[in-house]
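Asks: For chain D, the structure is supplied; the task is to place chain R on it using the hints.
Line by line, the protein sequences are chains D and R.
Under numbering that gives the first Met the number 0, the residue at position 24 of the first sequence is numbered 23, and the numbers go up by one with no gaps.
Under numbering that gives the first Met the number 0, the residue at position 40 of the second sequence is numbered 39, and the numbers go up by one with no gaps.
It should be emphasised that the hints constitute simulated quantities derived from the structure, not laboratory data.
We put the beta carbon where it would ideally sit given N, CA and C, even for glycine.
Accuracy of the hints is not assured; some may be wrong.
Derived contacts from chain D toward chain R, CB cut-off under 10 angstroms, selection only [to be verified]:
hint, residue
1, 85
2, 86
3, 149
4, 161
5, 164
Distance ranges between label pairs, derived from CB positions [to be verified]:
hint, chain 1, residue 1, chain 2, residue 2, range
6, D, 190, R, 105, 54 to 64 angstroms
7, R, 189, D, 82, 17 to 27 angstroms
8, D, 211, R, 5, 37 to 47 angstroms
9, R, 219, D, 191, 54 to 64 angstroms
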Amino acid sequence: MRAKYRITIIISLGCVIAVALLWTSSTSTPAAAQEATGTRQAAGDDPDLAAGQTIADSHMEQWKRKNPDRVADWVAEEKERHAIQPPADNSHLLKGGQGEGHTYGQYTERDLLMWSRETEKLVVEGSRIFHDADLLGSTVAVSCDMCHPDASNTHPETYPKFQTQMGRVVLLRDMINWCIERPVRGKRFDPDDPRMRALEAYIYAQRKGEPLNYGKH
Amino acid sequence: MPAEHKSVETKYMEERQQFYAALKKLDRRSFIKVSAAAMGAAAVQGIAVPNSFQPVSVAYGEQTGGESGRFRFAYISDSHLYAKEINDRFANALMRAVDDVNSLDPQPDFVFYGGDLAQLGQPDELELGAQILRELKAPLKIMVGEHDWYFDMGEKWRELFGQPTESWDHKGIHFVKLLSVIEEDFWTPRGMTPMERMKTVAGLDNHLQKSFTVGPEQREWLKKDVARYGDDTPLVVFSHSPLYKLYKNWNFWTDDAEEVQAILKRFKNVVVIHGHTHQMLTNRIDNIHFHGLLATAWPWPYAPEGMPELTIEMTRPDPFNVQDGCGDGEVVVHPDGLVDKIYNFWNRNPVTVAREYTASWGKKAVPPQPNRPSY
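So that you can see chain D by itself, here it is in the shape it has in the complex:
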């Protein structure tokens, strides 16, 4: 369970980092700057915020010490290595009819950036696992990309479907686990395992634009 624990830490600390990064860079984006005036203060002026920052920094330091190999920007590194489809562009939400009286209509550039980064991060983590026999727990040094470069030939849009060879209807995650147990010769992932969630995210992301067509063979 060490890998699972590590990934949970990475994801939760990743959130902290993302929020921290957004916080510090918020003044540079016009929309966020507008929002900042009057409603928020810089950390330096507010003792509570300053204390919070100190705690966040110390967590970050702790994580860096524990993960010396991942101090670098692993998201950027993975994106350089493997082609990853970007998440949808939501910039239309910033145009026209903003704030028609309901809270959830009031989006800022910062919101969109955070959605995009957080969503992509899960996909990028999936790409790392997909391409790494050790992270997959393979006992025979086999990783997904050896048969599925760029997640090709995974056709996630065809699930659920009747998998003739299993004699039942399966979801994408069932096929992922089948592959993990057979060609990869590893131990199946729990459906809620962060690695399974990341793998699903990556595989779905790579078929962006493909119409859903469940049941297709």
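Replies: Same frame as chain D, but now just chain R:
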């Protein structure tokens, strides 16, 4: 359901009965010839589409090579071996291919190995491969793949197998073997270790690496090598990557392909046999006919774009059948240098892409089309 309906199992058992009945009629010599080559040859002649046990009854006694000046060589490719302790599946697959080739009668003139013998270029991987290939009865010719090379830049490979680039003549055909997986140095600026470099190159979809090339040095060598041959000399060229541009993202690609093709342009017939793509793949560019090799390790999906028109795509491999889409095969070389390319699938009927098929730009001798998608 009508009363005369036969289940798949019943049909299978009936065919099986016929098969064993037919076997009793064969003498020993004919029996041994009931091989992929014979089945492939039957398909070329248009006798029955290979289906289950049936081709056996029409194919025995078929000769390849000999009387008409044709000859045959066998091929094995892309075994991607790990050390035995890490993974025995790929080693078993290579041993299966060696058994296939050794059971051919008559034996092929030589066996060609298409590259990527090792997975991560480790000395023990290459040694294991050499040890298994030593069991071959026919002489071995072997080519470099990127997986063999980028751990020690070919040091161990050269020690075991000699020169990565060479040429020879055999029964009127000029054979050339190239090292087509030369990549521009991407590792030094990044300070990569040999293993990091190897793992980067080993990832088909890894974009840190560069495109494959034959390179100026070998192109010069090739020019000089073929200079002494007339335009009518049939040429067979071996390269690990396809010597054309199919799909750059997976290095189904040779960056200086046009320059190499230009050197070969004056010859009447040129055949290029390549590994790397792990699938049925056929192409023709002017005078050059291209054929891909099957892998013993695993099949690749087809590239999402850029597929050559002449390619008849094999059906998507069944993941539940671990060696489906894999195999080995034979190449029948005709006196004019063009070839019948036989794909000996381990879990499917063999397919022959006949000389006539590429010679007629796909109009004649069309191989059987699969009825399921390739993805």
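Asks: Quick one: are residue 190 (chain D) and residue 105 (chain R) within 54 to 64 angstroms, going by C-beta?
Replies: 56 angstroms, holds
Asks: Tell me if the interface restraint on residue 161 (chain D) is satisfied: Cβ within less than 10 angstroms of some Cβ in chain R.
Replies: Check failed: Cβ of residue 161 (chain D) comes no nearer than 14 angstroms to chain R, outside 10 angstroms.
Asks: Just tell me: holds or violated, for the beta carbon distance of residue 211 (chain D) and residue 5 (chain R) against 37 to 47 angstroms?
Replies: Holds: the Cβ-Cβ distance is about 38 angstroms, inside 37 to 47 angstroms.
Asks: Would the hint on residue 149 (chain D) stand, with a C-beta cut-off of 10 angstroms toward chain R?
Replies: Because about 5 angstroms separates residue 149 (chain D) from the closest Cβ in chain R, which is inside the 10 angstroms limit, the hint holds.
Asks: Just tell me: holds or violated, for the beta carbon distance of residue 189 (chain R) and residue 82 (chain D) against 17 to 27 angstroms?
Replies: The hint (17 to 27 angstroms, Cβ to Cβ) holds, given that residue 189 (chain R) and residue 82 (chain D) are roughly 19 angstroms apart.
Asks: Have a go at the residue 86 (chain D) hint: is there a Cβ in chain R nearer than 10 angstroms to its own Cβ?
Replies: 19 angstroms, violated
Asks: Given a cut of 10 angstroms on the nearest C-beta pair, is the interface hint for residue 164 (chain D) held or broken against chain R?
Replies: Status holds, d = 4 angstroms.
Asks: Does the closest beta carbon of chain R sit nearer than 10 angstroms to the beta carbon of residue 85 (chain D)?
Replies: 15 angstroms, violated
Asks: Could you say whether the range 54 to 64 angstroms given as a hint is met by the Cβ separation of residue 219 (chain R) and residue 191 (chain D)?
Replies: Holds, since residue 219 (chain R) and residue 191 (chain D) (Cβ atoms, about 60 angstroms apart) stay within the stated range.
The structure fails to meet hints 1, 2, 4 from the earlier list, while all remaining hints are met.
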